[in-house]
Amino acid sequence: MGVIEVEGLTRHFSYYEKAEGLGASLRNLFSRKKLVREAVRGVSFSVERGEMVGFLGPNGAGKTTTLKMLSGIMHPTSGSALVLGHVPWMRRKEFRMRISIVMGQRSQLWPDLPAIESFALNREIYELDRKKYDRTLGEFVELFGVADFLNVQVRRLSLGERMKMEIIAALLHEPEVLFLDEPTIGLDLLSQRAIRDLIRTLNERRGTTVMLTSHYLSDIEELCERVILINNGSIVYDGALVGVNAALAERKVVRLVLSESVALGTLEAYGGFRGLEGATATFDVARSTVRDFSRRVLGELPVADLTIEEVPLEEGIARLYRGEDAGRD
Amino acid sequence: MTEVSPSRAARKYLRSLSLGLRGALEYRINFLFSLLGAVSPVIIQTALWTCLYAPGPGGASATGSADTLFGYTYAQMLGYTVIANIVSRLVRTGFEYDLNNDIRSGGLDRFLVKPIDYFGFRMAQFIGAKSAEAVFMGAVLAACLAVLAAVAGLGLSALAVVGFVLALALAFVLNFLIFWCVGLLGFWLTEIGFLFEAVRIVIITASGGIFPLSVFGERGEAILRALPFRFTIQFPTEVLCGRVAPGDVALGLCVGALWILPLAALARAVWAVGLRRFVAVGS
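Taken in order, these protein sequences are the chains called W and A.
No gaps in the numbering here: position 33 of the first sequence is 32 in numbering that gives the first Met the number 0, and each next residue is one more.
No gaps in the numbering here: position 226 of the second sequence is 225 in numbering that gives the first Met the number 0, and each next residue is one more.
If you're looking for bench data, these hints aren't it; they were derived computationally from the structure.
Each pair of labels, with its calculated beta carbon distance range:
{"hint": "1", "chain 1": "A", "residue 1": "189", "chain 2": "W", "residue 2": "288", "range": "52 to 62 Å"}
{"hint": "2", "chain 1": "W", "residue 1": "142", "chain 2": "A", "residue 2": "189", "range": "37 to 47 Å"}
{"hint": "3", "chain 1": "A", "residue 1": "97", "chain 2": "W", "residue 2": "206", "range": "36 to 46 Å"}
{"hint": "4", "chain 1": "A", "residue 1": "250", "chain 2": "W", "residue 2": "15", "range": "45 to 55 Å"}
Examples of chain A residues lying across from chain W (beta carbon under 7 Å, computed):
{"hint": "5", "residue": "10"}
{"hint": "6", "residue": "14"}
{"hint": "7", "residue": "22"}
{"hint": "8", "residue": "25"}
{"hint": "9", "residue": "114"}
{"hint": "10", "residue": "278"}
Glycine included, each C-beta is placed from N, C-alpha and C at the ideal position.
Work the whole structure out from these sequences, hints included.
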């Protein structure tokens, strides 16, 4: 059995419709139309101990809602989940001692006090042995290189430094399952890398099971062998990240910078025309025909510049979101 | 299941307490200013009482009772005004904003996933912050009392001081419970900043923080004495002023302490219902 077992997890939110204008506001006082949004619908998956799973999806796809249910912050509307053998939303103490969640946009540190104070509070909250705490903290501080900032008021730290502290705070009790919701959001590249390295180290050394959502595909690419893509509350893909890439490798994106304007109809006559932005026309071309395609456009169109690129992973995933087969012509 | 010794579990709340204490020390200037904010009501009320006690038309002598109004001499009334204002500042809460903010912005999440009780955490933190303020206030209060003794001839007994310290500790707990219940309204209402202030004024008035309760007439006072609010301001103030007989101090402390039970039960119940709503609605 997996460390995380999810079966038919569903979560509805109800809200009220409000039309524009004062009249509508007044009408709403007396009768409101109740609407239901299905944030997560019938999601099922299983995660083995020590796996690192990337949870990807556009905004509002249901990623955070799913993580909240798995960490016990939210009740589902229906369906079941077991994390480390516990129903998360029962929030048993034993469960809470063994998991952790980091939400990139939400701080768990004390802003007015140095991070070390928040760590000390966590040491008591998780009832950690002093020696073990000192050792674990020392290890993380060294890995992250934050020794100089431990005694600085958290509100005076940069976003990157603060996020490192957030992650340290979440890891001091050595959780078996770690949920990370956008841990690198808003960070510069160096900080993103530092955080990724730490997560990888953690997973390798301690076998921590990690579920990670991110807007940055590079996070997922570097850390996770497996991705779950979720869109409109449903899973659209669950499998190896390489699978997404391989399906995309068959396509190339050709960009032409035109030296003079060309009628849209002329461009559309070439297969795979995707759009025109300023002087740049973009085409989606099968790998096998790229050479012929390039020769043709160079001969027939006023081309100032031509580039051939891989289909970005973002785009492949966007296609999977739409339920398209990434490799289809 | 790991067996946890009680001392271990208690330590997390002790740590929360010391966190509140240190937070208060960081913001000591803030507290100093809030104290200065107490100066103008004291001046206004003192002016009002001075006017009312003045002999002549409209003054105390005009109402017939030469030296006392509502059972207080002028000196006692000034003493009450100053001490009640200081006590009211001292027991004043602020965590209801944090509580409300945690509910609205979802900051509550970070506590729900940890093996700590949110109620216990906030309570410990509040008491920690207040104990830091109390030390500082002790000095301010002592200075005020010295001035009052010199100017208005207000006496002070050792018993009154001991009773006051105990009554103040009780006031912290009761006021915490009362405002905890008020703060939990955030589970149902979204914009309640103004409500907090309105409720605060009503509660401070009902606690005797502005006037002695006797101002409300016999019936009004009887009703207010039957409620827990007076234990947050009026009772400690009266004890310090030496207006409560030693036996009644002990009795008052017991009655006040008994109020902890129903209020704590209410606080727990509202929390449980609100939390169920929170995890079901989410944020």
